[in-house]
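Using the sequences and the accompanying hints, generate a full structural model.
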Amino acid sequence: MTTVPVTTTPPPAQEPALQPRQTSGLLKRLRPSRLAINLVLGAIALFWLVPSLSMMIISFRPAGLFEVSGWWKVFSTPSQLTLQNYKELFTGGSSTVLGGGVPSGLAPGSVLDALRTSLEISVPATVLVTAISSLAAYSIVFGRWRGRNAVFLTVVGLMVVPLQVALIPVASLYRDMGSLTGWNPFGTITGVVIFHVAFGLPFGVFLMRNFFIGLPTALIEAGRIDGAGEWTLFRRVVIPLGIAAAASLAIFQFIWVWNDLLVALVFLGGDPHVPLTLFLYDQERTLAANFWIISTGSMVSIVVPLIVFLAFQRHFVRGMLAGAVK
Amino acid sequence: MAQIVLDKVDKTYPGGVKAVDGLSLEISDGEFVVLVGPSGCGKTTVLRLIAGLEQITRGTIRIGDRVMNHVAPKDRDLAMVFQNYALYPSMTVRQNMAFGLQMRKTPKSEIDRRVHNAANVLGLEEYLERKPAALSGGQRQRVAMGRAIVREPEAFLMDEPLSNLDAKLRVSMRTSLAEMHERLSVTTVYVTHDQVEAMTLGDRVCVLRDGVLQQVDTPQNLFDRPVNLFVGGFIGSPSMNIVTAQLIRDDGEPTVMFAGHRLPIAEDVVHSRPEIEAYFDRDVILGIRPSDFEEASLVDETWARMSVTTHVTEALGSEINVIFVIDAPPVEHKDVADLVPAAEKGGAAVPLHEGKSMWTARVDAHSRVRAGDQIELGVDTRNLYFFDPDSGLAIGDKQPPAPKLSRRSASAAALREQR
Chain A
-19 MTTVPVTTTP
-9 PPAQEPALQP
1 RQTSGLLKRL
11 RPSRLAINLV
21 LGAIALFWLV
31 PSLSMMIISF
41 RPAGLFEVSG
51 WWKVFSTPSQ
61 LTLQNYKELF
71 TGGSSTVLGG
81 GVPSGLAPGS
91 VLDALRTSLE
101 ISVPATVLVT
111 AISSLAAYSI
121 VFGRWRGRNA
131 VFLTVVGLMV
141 VPLQVALIPV
151 ASLYRDMGSL
161 TGWNPFGTIT
171 GVVIFHVAFG
181 LPFGVFLMRN
191 FFIGLPTALI
201 EAGRIDGAGE
211 WTLFRRVVIP
221 LGIAAAASLA
231 IFQFIWVWND
241 LLVALVFLGG
251 DPHVPLTLFL
261 YDQERTLAAN
271 FWIISTGSMV
281 SIVVPLIVFL
291 AFQRHFVRGM
301 LAGAVK
Chain B
34 MAQIVLDKVD
44 KTYPGGVKAV
54 DGLSLEISDG
64 EFVVLVGPSG
74 CGKTTVLRLI
84 AGLEQITRGT
94 IRIGDRVMNH
104 VAPKDRDLAM
114 VFQNYALYPS
124 MTVRQNMAFG
134 LQMRKTPKSE
144 IDRRVHNAAN
154 VLGLEEYLER
164 KPAALSGGQR
174 QRVAMGRAIV
184 REPEAFLMDE
194 PLSNLDAKLR
204 VSMRTSLAEM
214 HERLSVTTVY
224 VTHDQVEAMT
234 LGDRVCVLRD
244 GVLQQVDTPQ
254 NLFDRPVNLF
264 VGGFIGSPSM
274 NIVTAQLIRD
284 DGEPTVMFAG
294 HRLPIAEDVV
304 HSRPEIEAYF
314 DRDVILGIRP
324 SDFEEASLVD
334 ETWARMSVTT
344 HVTEALGSEI
354 NVIFVIDAPP
364 VEHKDVADLV
374 PAAEKGGAAV
384 PLHEGKSMWT
394 ARVDAHSRVR
404 AGDQIELGVD
414 TRNLYFFDPD
424 SGLAIGDKQP
434 PAPKLSRRSA
444 SAAALREQR
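In the order they appear, the protein sequences are chains A and B. Counted from 1, the first sequence has number 102 at position 122 by our numbering; the numbering is strictly sequential. In our numbering, each number is its position in the second sequence, counted from 1, plus 33.
One or more hints might be untrue.
As the list claims (entries may be wrong) - In the SDA-like style, the derived pairs of lysine to any residue whose C-alpha atoms are separated by at most 25 Å in a straight line are:
id: 1; chain 1: B; residue 1: 51; chain 2: A; residue 2: 128
id: 2; chain 1: B; residue 1: 138; chain 2: A; residue 2: 212
id: 3; chain 1: B; residue 1: 51; chain 2: A; residue 2: 197
id: 4; chain 1: B; residue 1: 367; chain 2: B; residue 2: 424
id: 5; chain 1: B; residue 1: 107; chain 2: A; residue 2: 124
id: 6; chain 1: B; residue 1: 107; chain 2: A; residue 2: 120
id: 7; chain 1: B; residue 1: 164; chain 2: A; residue 2: 196
id: 8; chain 1: B; residue 1: 107; chain 2: A; residue 2: 215
id: 9; chain 1: B; residue 1: 51; chain 2: A; residue 2: 127
id: 10; chain 1: A; residue 1: 67; chain 2: A; residue 2: 99
id: 11; chain 1: B; residue 1: 164; chain 2: A; residue 2: 197
id: 12; chain 1: B; residue 1: 164; chain 2: A; residue 2: 224
id: 13; chain 1: B; residue 1: 138; chain 2: A; residue 2: 219
id: 14; chain 1: B; residue 1: 107; chain 2: A; residue 2: 214
id: 15; chain 1: B; residue 1: 138; chain 2: A; residue 2: 214
id: 16; chain 1: B; residue 1: 107; chain 2: A; residue 2: 193
id: 17; chain 1: B; residue 1: 107; chain 2: B; residue 2: 97
id: 18; chain 1: B; residue 1: 107; chain 2: A; residue 2: 216
id: 19; chain 1: B; residue 1: 138; chain 2: A; residue 2: 125
id: 20; chain 1: B; residue 1: 141; chain 2: A; residue 2: 220
id: 21; chain 1: B; residue 1: 164; chain 2: A; residue 2: 120
id: 22; chain 1: B; residue 1: 51; chain 2: A; residue 2: 125
id: 23; chain 1: B; residue 1: 164; chain 2: A; residue 2: 198
id: 24; chain 1: B; residue 1: 107; chain 2: A; residue 2: 220
id: 25; chain 1: B; residue 1: 51; chain 2: A; residue 2: 198
id: 26; chain 1: B; residue 1: 164; chain 2: A; residue 2: 210
id: 27; chain 1: B; residue 1: 141; chain 2: A; residue 2: 215
id: 28; chain 1: B; residue 1: 164; chain 2: A; residue 2: 128
id: 29; chain 1: B; residue 1: 164; chain 2: A; residue 2: 124
id: 30; chain 1: B; residue 1: 141; chain 2: B; residue 2: 186
id: 31; chain 1: B; residue 1: 107; chain 2: A; residue 2: 211
id: 32; chain 1: B; residue 1: 138; chain 2: A; residue 2: 211
id: 33; chain 1: B; residue 1: 141; chain 2: A; residue 2: 196
id: 34; chain 1: B; residue 1: 164; chain 2: A; residue 2: 294
id: 35; chain 1: B; residue 1: 141; chain 2: A; residue 2: 212
id: 36; chain 1: B; residue 1: 107; chain 2: A; residue 2: 224
id: 37; chain 1: B; residue 1: 164; chain 2: A; residue 2: 191
id: 38; chain 1: B; residue 1: 164; chain 2: A; residue 2: 214
id: 39; chain 1: B; residue 1: 138; chain 2: A; residue 2: 210
No lab work stands behind these hints, which were simulated from the structure alone.
Here is the structure:
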C-alpha cells in the first residue's frame, strides 16, 4: 500500500485513482467466495437455532420419552411426533402417551389464564411506553422550553439504572402509596404495568428522540407557518414519519415485558393470576423434571411475540422520509 | 397583502452571537424585496424573524398594522417556501397544498377551488394524488410554491427556493416566479445568495453583512452607486476590480495612478463628486467594473488606455472575459475580507497570481484576443469607483453613468448599415 509504482511522470491527480484500483484488486483476491460466506453464516444460524429447535421437538414428543432418549432421535423415527402435549397443556391433566402418565398438576385452563395475564401486562405496558415516549421525544426535540437537553440527558442517564436495584424501593413506594391513598399497587397487574412503563420509558424516549432529531426541522416549521398546532403537528406530520421508529420501539418493549420474569415474580409471586413466564417458572420449581410443560408452554409463549413482530415488521421499511426535503 | 416594517431589530442568540444588528427596513405592500449577502450574513435569520420562527431580541416587527413581536407563526398569516421545500412526505400533493387551509378551517369547496387553481397555474394537475417522493426536484419545488399560493397570505417568505434546482430549471423557475409576482403582487421577501436572482427578481435588494444592513436600493442603483467597497465587491459578476491607487493632478489633469498605469479622469467626474477633491495626493481604493473595459480599437479617444498582458481568456459567446495580472498586491480591507464566506475564512477574496491581483475585463465577443497577448484596453473613466481606504465608504455620491458613447455601438450600427 505504501509503495506507488514509479511510472514516467505520473500526474499527481492520477495517483489516488491508481491506488484504489490496486486495493480493489487485492480485496478481490482476498474476498472469500460467496459459498464460503454462506456456509459460515449457515453454521452460525444453526448453532443459534439448536436450543430452540430442541425445545420445539421436545414439545412435540411424548412426555415419557424425555427420560428415555435424546430429542434428536426424532430425525430417525419421525413417528414420535405428536400434538398430545399441547392438548394436555390446554385441557389440563397429565401427558399419558407411552408408558404411564406424567402428572402435570395443572388446573384446566391455567395456561390460558397465564396467557391472558401476560397480555394484560404486556399490551398496556407497550402501548403506554410507545405513546408517552413519542410525546416526550416530540417535546424534547421540537418543543421550545428551556432545559430540554438537560431533561433528555437525565432520561438517558436513567437508562443505566438496573431494574433489580429498584425492586425493593418501588415495592415500598407502593406500600406507602397504599397507606396514603388506600390503594396499594403491589401485587396487582396495574402495579406491574406501572413498573414496566417506568423502566421502558428511558430507552423509549432515547430511541424516539434520536429518530425525531433526524427529521428536518423545516418540516415542523412549515407546519407551524401553515397554522398547525403542536398536537396536529405531532399527529399529522411527525407520527406518520416516526411510525417505523415507534414500531421498533413497540416490538422491543413488548418482547421485554412479555419475557419478564423478575418483576412479575416480585410483584405477583403467589398470586393466582400470573403471567406465562412465572407460570412456566413455577413448573420448574415444583416438578423439576416437568420438561414437557416447560417446552410446550415456552412454544406457546413464543407465538405471541412472533405475531407482534410479524404484525409490525412491515413498518421497517426504509425511505419513509423520501421526498420530504430536496 | 400587507406592508412589513422592521424597526431597529436585533437578534442575539444565547451565547452572544449577534445575527441581526439594528435592522430597519420598510417593505411596502406588494413589493418584492430580496435579501442578499455572503453566507452567514444573517439573511435567513431575518426571514425567520419575520416568519416568527425565531423571536427578536429587540426592536419591532409590524405586518400590516399589527406589531408581531410575540405573535406565533401560525397567526401571522404568512406563507414560507423553504430551501429544501419541506413537503409533508406522508401526504399527497393535494393534501400538502390543502393542509394550511384545513388548519384555518377554510370550507372544503374553497380549498378545492384554490388547490385546483394553483395546480393549474403550476402545471401540477396530474400529480395531485402523488406523494412528494414520486416527484422530481422541480415538481417538488412547484408544490412548495403551490402550498404558499393557495394560502393567499399577507406575504410570501422565500428562503433560497431555487438553490436546489439545476441551473436550467433555476432560470425557468426564476422567470415563473417573476411572472407569479407580477400577477399576484403579494408582498414577497426573498432570501438568496445568488446575485443574479437578486438583481432580476427584486424591486429592491438589501445587502447584508454580519447582520448589518449595508444598502437597500434598486438593483441598478446597487450596481451603479454602491455605498461602500463591500457592496461594490459583492454586487456584479464578474466582480469589480479593485486596487489601491493614488489620485494626482498631472499638469492640472486629474489622474489616477496604480500599478504602473496612469488613467486620466474626466473633469466631470470630480465635479459631480466634489468629495473626491479632498483625496488628491492621497491613497484611495479604485474600483473598475469589468464591463467598463473594452478593447481599445473598439472605443473612441475619450476612453483612457491601459496596456496589459492577457493571462487567461474566457470566451462566453456573447462576450470575452480577459483576465490579466495587475502589478499590485491585493487590497487589504475589512470590506474585501468580508466578501469571503465565513466558512472559508483565510481564502482569498480576490483571485491572486503570485501575490498579485488578477483583474477581469469584459470585451467584445469578436475581439481576437488570446491568452498571453499584449492588449490595449480602453477604460470608461467616467464610471470609476472611488472608496475611502480607511472606512471603505464610497467617496461622493456616484451618479448613474451617462449612456456609453463608445464606438462599440457606433461600429455595430455601421456594420448593420453595410448589410
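Hints, one by one, checked against the model:
no.	hint	in the structure
1	B:51 - A:128	holds, 23 Å
2	B:138 - A:212	holds, 13 Å
3	B:51 - A:197	holds, 22 Å
4	B:367 - B:424	holds, 9 Å
5	B:107 - A:124	holds, 15 Å
6	B:107 - A:120	holds, 21 Å
7	B:164 - A:196	holds, 17 Å
8	B:107 - A:215	holds, 17 Å
9	B:51 - A:127	holds, 22 Å
10	A:67 - A:99	holds, 21 Å
11	B:164 - A:197	holds, 20 Å
12	B:164 - A:224	holds, 18 Å
13	B:138 - A:219	holds, 22 Å
14	B:107 - A:214	holds, 15 Å
15	B:138 - A:214	holds, 19 Å
16	B:107 - A:193	holds, 22 Å
17	B:107 - B:97	holds, 16 Å
18	B:107 - A:216	holds, 16 Å
19	B:138 - A:125	violated, 28 Å
20	B:141 - A:220	holds, 23 Å
21	B:164 - A:120	violated, 29 Å
22	B:51 - A:125	holds, 21 Å
23	B:164 - A:198	holds, 18 Å
24	B:107 - A:220	holds, 21 Å
25	B:51 - A:198	holds, 22 Å
26	B:164 - A:210	holds, 23 Å
27	B:141 - A:215	holds, 21 Å
28	B:164 - A:128	violated, 33 Å
29	B:164 - A:124	violated, 30 Å
30	B:141 - B:186	holds, 18 Å
31	B:107 - A:211	holds, 14 Å
32	B:138 - A:211	holds, 16 Å
33	B:141 - A:196	violated, 29 Å
34	B:164 - A:294	holds, 19 Å
35	B:141 - A:212	holds, 18 Å
36	B:107 - A:224	violated, 29 Å
37	B:164 - A:191	holds, 22 Å
38	B:164 - A:214	holds, 19 Å
39	B:138 - A:210	holds, 16 Å
Checked against the numbered hints above, the structure violates hints 19, 21, 28, 29, 33, 36; every other hint is satisfied.
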